[in-house]
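Visitor: So the chains spell out like this:
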Amino acid sequence: MEFMNPGIFKENARTALADQELRSAMAMLNAGMVPNRQAAVDRLPEFALLSQRGRELKDHVLGKLDFYLERFERNCKAAGGHVHWCATPEDAQQAVLKICRSVGAKTVTKGKSMIAEEIHLNEFLEKHDIEPVETDLGEYIIQLAQEPPSHIIGPAIHKTKDQVSDLFLQHHAKLGRTERQTEPPKMVNEAREILRQKYFDADVGITGANYLIAETGSSIIVTNEGNGDLTQTLPKIHIVVASLEKVVPTLEDATTFLRILARSATGQEFSAYTTISTGPRRPDDVDGPGEYHVILLDNGRSAMLGSEVQDMLRCIRCGACMNHCPVYQSVGGHTYGTVYVGPMGAVLSPALLGVSDTRHLPCASTLCGRCEEVCPVSIPLPRLLRQWRERSFEAGDVPALERWGLSFWAFFARRPWLYDLAARLAVRGLRYLGRRQGRLHKLWFAGGWTDGRDLPAPEGRTFQERWRRQQRDLQRGGAAR
Amino acid sequence: MTGGKTDRGANSGRQAILGAIRQSLGRPALSAEARHELDDHIAKHRANLVPARGKGEHAAQMERFQEMARAAACTVEVVADEAAVPGAVADYLRANNLPTQVTLAPDEWLCGLDWGSQSMLETKQGAAGIEDMVSVTPAFAGVAETGTLVALSGKSHPTTLNFVPDYHVVALRASQVVGAYEEVWARLRKANKQGRGFVMPRTVNMITGPSRTADIALTLELGAHGPRSLHIVLIDDQTGQD
Chain R
855 MEFMNPGIFK ENARTALADQ ELRSAMAMLN AGMVPNRQAA VDRLPEFALL SQRGRELKDH
915 VLGKLDFYLE RFERNCKAAG GHVHWCATPE DAQQAVLKIC RSVGAKTVTK GKSMIAEEIH
975 LNEFLEKHDI EPVETDLGEY IIQLAQEPPS HIIGPAIHKT KDQVSDLFLQ HHAKLGRTER
1035 QTEPPKMVNE AREILRQKYF DADVGITGAN YLIAETGSSI IVTNEGNGDL TQTLPKIHIV
1095 VASLEKVVPT LEDATTFLRI LARSATGQEF SAYTTISTGP RRPDDVDGPG EYHVILLDNG
1155 RSAMLGSEVQ DMLRCIRCGA CMNHCPVYQS VGGHTYGTVY VGPMGAVLSP ALLGVSDTRH
1215 LPCASTLCGR CEEVCPVSIP LPRLLRQWRE RSFEAGDVPA LERWGLSFWA FFARRPWLYD
1275 LAARLAVRGL RYLGRRQGRL HKLWFAGGWT DGRDLPAPEG RTFQERWRRQ QRDLQRGGAA
1335 R
Chain W
225 MTGGKTDRGA NSGRQAILGA IRQSLGRPAL SAEARHELDD HIAKHRANLV PARGKGEHAA
285 QMERFQEMAR AAACTVEVVA DEAAVPGAVA DYLRANNLPT QVTLAPDEWL CGLDWGSQSM
345 LETKQGAAGI EDMVSVTPAF AGVAETGTLV ALSGKSHPTT LNFVPDYHVV ALRASQVVGA
405 YEEVWARLRK ANKQGRGFVM PRTVNMITGP SRTADIALTL ELGAHGPRSL HIVLIDDQTG
465 QD
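So the protein lines, in turn, are chains R and W.
Add 854 to the 1-based position in the first sequence for the numbering used here, that's all there is to it.
Add 224 to the 1-based position in the second sequence for the numbering used here, that's all there is to it.
Extracted from the complex, chain R is given alone in its bound form:
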C-alpha cells in the first residue's frame, strides 16, 4: 500500500480488503473498543449531559477563540513559558528546530502527538540531523516500521502481534536482543528497557496537548503508558505542539472534557495519567524541564471558523467515530492516505489539504450515522461529509462519467412524474430479467456492484406505488372505523 496519498483511496481499499492480517487486526478493534465504550458510558448516568455541556463549551470557545488564546498566552508567559504562533506547518517546524538548536539537541524524545504527525515533524528533524525517538509504544512500533499512524489513538492498531514480534526482532537484534518474543508482556518489557535510557539522554522532549487552559496557561496530556510524562520531565526543554482549538477557559471546564474523553476513546473510567503542565521547573523544584514552549498551530483552522465545517473544530480526538465506522473497520486507517483517518479524518482532511486532493475521502462513507451517534461533542459528521461531496462536485473534481450519471439522475429527480414513470419501467424490466432465479448476476452500468454480489430482482412495484397503496388502505381503514 502506498502511504500518504489520498488520491488512490480506491486502489488502497482493494489492497486492504485482501490483506488477511489487517482484517484480523481490525476485527479485534470492533470486538473490543465498541463494547468497552458502551459499558463505560452506561456506568456514568450523566454522560449525555456532560457531553452536551462539552459541546456547548467548545462552541462558546470557538466564538471567542482570539480572546481565549490571548489569555492562554498571557498566563503561560506569566508562568515562565514561551508561546510560538505558527500559521503553517513550516512555521511550526522552524520554531521547533530553533528551540532544539538552542541547546544543540541531538535526540528528542516524543510523546504521542497528532499535531506532530500533521506537521511531519520526524521527517523534518531527521533532515536536520536530530534523532526523534517515539516513546508511545504504538508510535514506536510504526516508527520502526516506517509507517504513518493508522488510528488517532492506537497508531499501530493495524499490526498483529506476530507482525510486531518480527519487527522487534528485526530492529532489536542489533541491540543484543536476538530472541523473538511472542508474548505481549515480554514484548512490552523489551520496548520499555530499550527506551528507558533514551528518556534520560534526550535534550528535548516533545508532547502534544489534549487541552490548553486559558486561565492558568497550562497544557494537558492524557495518556496511559507514562511515556509522555517521562518525555516532558527528564530533558532540559519541554515543547508542546498544539492546535488553536485545544484551548478551554478554566480548569473546571477542562474537567468536563476529561470526564468524556477516556470513556469515549478506550472505555476507561479515566486514563492512567492526566498531566497538567504549567511553565518550566520552579526555583525550588528538584526535577522538571528548564524551559517550556508551546507551539500554537493554525494550519487552516482559523479559516474553518464561521464556515460550514466549523463544527469539526469541536473534535476532542477520541477516535470513537473511527472505532464505530463500518468503512474504517473494513479498510483500516492507511487506506485514507492522510494523517487523520476515519470519519473525522474524512471531514478534517479536505479542510487542511484541499478538497480536490482528498475528494475520495468524504465518499468513503455509507452515511449510516454511527459516527455522529457516538461522537461525544455531537459533530454532525454525515452532514459535513455530504457538504464536502457537494464542494467537490462544484469544484469540478468529479470525473465525467460520475457527473453525467448524477446529472442524469437529477434530471429525473426534479420531475416527479417522469421519475415515477421511469422507476415503474425499471422495476418491471428488472423483474422480467430476474424472473428465473429471482436475482440478477449482472447489470449494465452497475458492474462494480454486481461483480461482488447479486442484485435481488425487484418484486414489481415501486416504492411510490406501494406507498400510495398503503396510504389508500389506511384511509379506507380509518373511514371504516
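Watch out, some of these pointers could steer you wrong.
Straight-line C-alpha distance at most 20 Å; calculated DMTMM-like pairs for lysine to aspartate or glutamate [stated by the list, open to error]:
1. R:K1040 x R:D1057
2. W:K348 x R:E1145
3. W:K379 x R:E1145
4. W:K348 x R:D1020
5. W:K268 x W:E257
6. W:K268 x R:E980
7. R:K952 x R:E980
Rough simulated footprint, nothing fancy, chain R against chain W, three-plus residues with beta-carbon under 8 Å [said to hold, decoys possible]:
8. 270 to 282
9. 291 to 299
10. 318 to 324
11. 382 to 388
12. 430 to 438
13. 456 to 462
Since the hints were derived computationally from the structure, they do not count as laboratory data.
Think of the CB as a built atom: it goes at the ideal place given N, C-alpha and C, for glycine as much as any other residue.
Since chain R is already given, all that's left is putting chain W on it; use the hints.
Guide: Same frame as chain R, now just chain W:
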C-alpha cells in the same frame, strides 16, 4: 529564545492568526466590556456538571475511592494511623518480593515517619534516577469518582518519583480523599492562593492505576513505561474532615 528577530517573527505569526480568526468570525477584536465579561467568567471558574457519584458522605467516598482504585489495578491497604505506614510499606515490598531500597519523596511529613523502625528498608530521599526501583510519595488528594491520585510537583515531591521507579507506593490520609475532581481544584486554589488567583505547580499529575498499554494487538499490559504497580497505603485517620 530572545533577540529582536525572533520576537518580530513570532509577533507577525501572532497578528496573522488572530486577524484570521477575527476575519472568519466576522468581527473585530472583542470590546473591553466583552473581554471583561469573559475574564469574569474565568475568575469565577464555576464547576460544570459534577456526577452524582462524586458527591455524598465522606465514608461512602472512602469506599468508592478504594473500589475505583482497585478497578484501575491499584492495590490498597488501609492502616489505622500514620505510624503504621513504614511497616505497611516494608510488608508490602516483602510480600511481593520487591527491592527494599526505597526512595522517599523529600516531604517533611513523610520523612518524619519512623522509617528507622524498619531494619530491612534502606531509604534515601530525592528525585528518582534510572536505577531507582521503588518510590514512596505522599499525594495531594485522592478522588473517589475514578480512584485517582493527585500529586503536585514541588521541592517536597519530585515528579520523577511518580514515573521512573518500577514500583510506586503512595501514602494517603483519609482526610485527603474527596468525591470529585472539582474539590481537588478548590483545595489547590486555596492552598496555593496568591493575590486574587493561585499558583499552579509546574506539574499536576492525576494518576489512576499503574502504567499500561494496549498497543500490541489491543492486549492490555501493565507496566508500559511508568510504574508496573501502584500501591496505596490509606491512613484511616478521619481527622481534618470537612
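Visitor: Run through the hints listed earlier and report the numbers of any the structure violates, in increasing order.
Guide: 1, 2, 4, 6, 10, 13
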